[in-house]
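**Student:** Going line by line, the protein sequences match chains A and V. In terms of the working numbering, the first sequence has 33 at position 33, counting the first letter as 1, and numbering is strictly consecutive. In terms of the working numbering, the second sequence has 198 at position 198, counting the first letter as 1, and numbering is strictly consecutive.
Honestly, I wouldn't trust all of these hints.
[To be verified] Estimated spans, in silico, between C-beta atoms of each pair:
#, chain 1, residue 1, chain 2, residue 2, range
1, A, Asp-111, V, Asn-281, 35 to 43 Å
2, V, Asp-53, A, Leu-388, 47 to 55 Å
3, V, Val-276, A, Lys-357, 50 to 58 Å
[What the hints assert, rightly or not] Mimicking BS3-like on lysine-lysine, the simulated pairs with C-alpha atoms at most 30 Å apart in a straight line are:
#, chain 1, residue 1, chain 2, residue 2
4, A, Lys-89, A, Lys-194
5, A, Lys-384, A, Lys-412
6, V, Lys-91, A, Lys-381
7, V, Lys-106, A, Lys-381
8, V, Lys-87, A, Lys-384
9, A, Lys-384, V, Lys-106
Treat the hints as calculated values from the structure; they're not laboratory data. All values derive from a computational prediction rather than experimental measurement. All residues carry an ideal CB built from backbone N, CA and C; glycine is no exception.
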Amino acid sequence: MVRPVLEGIRVLDFSNGAALPETLKMCGEFGADVIEVACSEYPEFLRRLGIDFDPNKSPAHNDAFRNRRCLGVNLTTPEGRAIILELIKASDIVAESYRPAVMVSWGLDYDSVKKVKPDIIYVSSHGWGSGGPYEGFQTYGPHAQHVTGLTWLWNHQDSPYPIGGNLIHPDHIASKMCFIALLAALDYRRRTGKGQLIDLSQIEVAAGLMGEVYLDVSMNQRLEPPMGNRSLYAAPHGCYKCKGLVNYEPGYPHMGGTDIRVPQEPTEDRWIAISVFSEEEWEGFCRAIGNPAWTTNRKFATLNQRLENVEELDRLVEEWTRQRDPFEAMEILQRAGVAAGVVECAEDQVNTDEQLKHRGFIIELDHPAAGRHLYLGEPIKLSKTPALPSSYAPLLGEHTNEILQEILGMSKQEIAQLRKEKVIE
Amino acid sequence: MPQLALSGIRVLDLSDGKGAYGARILADLGADVIKVEPPGGDPMRSIPPFAGDLPGHERSLYWLYRNVNKRSITLNLDSKEGQEIFKRLIKTADVVVETFEPGYMKQLGLDYETLRDINPRVIMASITDFGQTGPYSHYKGSDIVDFAMSGAMIVNGTPDRAPVNMPGSPARDCGAIYAMCGVMLALYARAFTGEGQYVEISAQEAALAGLFSWSIPGYSYRSAAGRIPFAGPRMMPRTGSLAIVPCKDGYVHWLATSPRQFAALYELLGNPPELVEMGNNILDVAPRIGEHIEKVTRHTMNMTMREFFEQGQGKFGLPCCPVCTPAEYIDNPHVKARSFFKEVEHPEAGKGLYATMPFKMTETPAEVRFPAPRLGQHNGEIYHDEMGFSMEELDALRRAGVI
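Using the sequences and the hints given, assemble the complete structure.
**Tutor:** Structure follows, in structure tokens:
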């Protein structure tokens with residue numbers, strides 16, 4: 001049996017939302033002992049997003065909080081905080097994403113924790129990050145899109161106002177950036193014996209993924225308008241309708257800034273993304289769609305001409321894709337060496353995508369309150385120290401007894417007394 | 001004196017856009033990242049737009065941003081001599097990052113097993129669009145195709161239009177970032193085992209987990225509960241923007257789910273009775289969310305972005321923000337206070353503001369130290385100074401198209 005990479009590393013988890021919880025999910029997956037510190041008086045934010053608002057049926061919480069144990073302790077009580085200070089002495093990492101005032105009020109901010117455990121690695125994850133006028137402003141995933149300019153850019157070319165996306169990807173990606181920083185800090189501590197503070201900003205994560213845009217602003221004094229699905233150096237390049245797209249209503253009364261209604265009727269949403277960069281790919285594309293007469297039109301002879309006549313080109317491409325199922329179209333185009341991919345929805349990924357199936361990327365876990373459900377596997381495939389099997393997100397307080405006995409050596413009587421006083425649960 | 005987290009770690013970066021940002025993270029943390037480019041230059045160098053709109057090898061903004069802090073050598077890996085030189089370099093390397101089609105490195109005789117035999121401590125990360133094995137492993141990807149296949153594209157935009165691509169290279173950046181998570185784990189493990197290992201990443205999987213990790217559990221839970229699956233088979237929640245609403249001079253956004261947050265929103269807007277009556281319980285508001293947003297908008301129209309944001313956050317603790325342009329973000333006072341952008345001058349492309357790492361570390365800060373390398377800028381340093389090739393030998397290799 002190979003020793004898991006992070007075996008022997010203990011993490012105290014005061015995290016909320018997506019960013020930091022997912023970092024710790026990874027820590028657990030690679031062998032760290034991650035202890036979620038939770039209290040039913042102030043439940044973790046994602047528990048509010050449960051199906052039918054059932055806190056135990058939050059797919060987000062039950063995903064992000066996998067691979068750890070849970071200690072139920074009320075930090076608003078001095079006894080609860082005393083327990084945590086004792087646990088910190090036996091820990092390597094403290095990770096938190098409360099509003100900054102919260103950890104200070106509990107006496108669990110970096111400076112206080114360092115006094116108890118000088119070589120602690122302390123991770124603070126906040127939207128804006130510390131050290132500026134907006135320090136402590138409470139933020140969520142979407143904010144990172146909006147303030148960085150991503151929402152402003154993430155639109156069709158003729159969009160009348162910023163639409164942006166529905167992802168909260170800065171949080172999800174922040175967790176991986178944080179994981180890299182955390183491993184760097186662990187390795188530094190291994191070499192020098194010194195801990196440190198990691199101060200992560202999800203907003204900066206979003207900005208870091210589009211650094212070339214800020215160079216355009218600062219070097220060219222220019223603000224490129226949104227590109228939609230088009231490209232400056234590829235054509236065709238876009239997202240095209242496929243067979244099966246039904247109940248599709250151009251001019252659906254979308255928000256106009258205010259209306260967030262969603263269609264209640266079943267809607268098949270079938271699209272394919274295609275990108276053609278080189279002449280070789282263009283020739284492959286023409287061949288794949290059967291060399292219709294229009295492909296020899298001089299209007300489309302070179303990339304520059306294709307870019308100039310891109311609206312007409314896109315219409316013609318769509319005439320072909322519209323007749324085909326997206327998976328069928330993908331296969332035909334890929335066989336001709338053209339980058340093409342189904343705009344997949346979750347059901348495609350669960351049932352149809354042969355690649356994800358082959359790699360077993362979607363896994364099933366049984367959760368004691370929520371039942372059997374699908375989750376993602378670990379994308380990091382390590383040849384010698386692979387991820388451990390994932391374990392379900394613990395119930396609140398599920399491991400309280402074992403943690404207090406095993407790490408702090410408490411007796412059953414002590415634990416019962418604390419439970420009676422509602423310090424622990 | 002702060003140290004660099006990865007000083008002493010050498011990375012050979014053979015990657016294209018699927019790995020570039022990842023290798024840059026290691027470079028910012030202090031690793032010696034050597035970009036190994038084909039003699040004609042990395043294809044990334046020709047991605048527009050360019051500095052000053054002048055196309056050229058040293059002017060692609062995409063290239064400049066994703067390759068700061070790296071050195072560059074040219075080496076033709078398709079040639080026998082190139083492969084031999086690479087094998088010599090491997091002896092000095094801790095990490096190799098590559099993004100070739102599956103099987104290509106093996107074809108060159110430079111697969112992990114071969115490199116490991118030369119240097120057992122080496123860690124190799126392979127990133128492909130869909131993975132090394134499987135029915136799509138030889139499919140061609142691109143930014144938009146990988147984004148589409150990640151399942152993260154279909155939920156973006158409005159229901160009356162096609163799903164919208166995200167600017168940048170988000171799906172491939174996920175592959176790059178996940179690969180570096182793997183590399184960091186492998187480096188940490190190596191400290192105990194003395195041995196390197198192989199890290200394999202599929203950008204599709206990485207983007208699924210890195211952009212939209214809740215799509216599959218959300219689908220699973222909602223289907224089981226008899227709800228229309230979020231991002232499910234027949235449903236497009238491309239409703240846009242999680243409630244962006246217009247205000248006096250632009251657009252703003254807020255998020256309220258707890259009673260405290262609803263109360264803060266109402267306070268900020270002056271406690272209008274038609275909103276207060278809707279209550280501050282998400283269970284009451286959720287079924288009437290469209291109406292709720294419409295009512296809020298009537299009041300935001302009287303406020304500027306700045307008023308809504310700074311009063312909402314500063315006075316009432318409402319999670320809210322303005323919708324900014326990229327230029328406005330650069331000028332944001334908080335971003336300036338954190339020195340998130342660093343001005344760096346490139347000898348050909350000129351001065352620009354480079355986004356730094358999104359985390360601050362007190363002992364081992366990540367930083368931007370020097371601009372992206374010119375093509376083959378460090379051939380002399382590496383081949384002559386370090387490996388001992390004579391100038392004559394280098395000339396001969398150049399003429400033979402090896403470097």
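**Student:** Please name the hints from earlier in the document that this structure breaks, with their numbers sorted from lowest to highest.
**Tutor:** Structure breaks hint 5 only.
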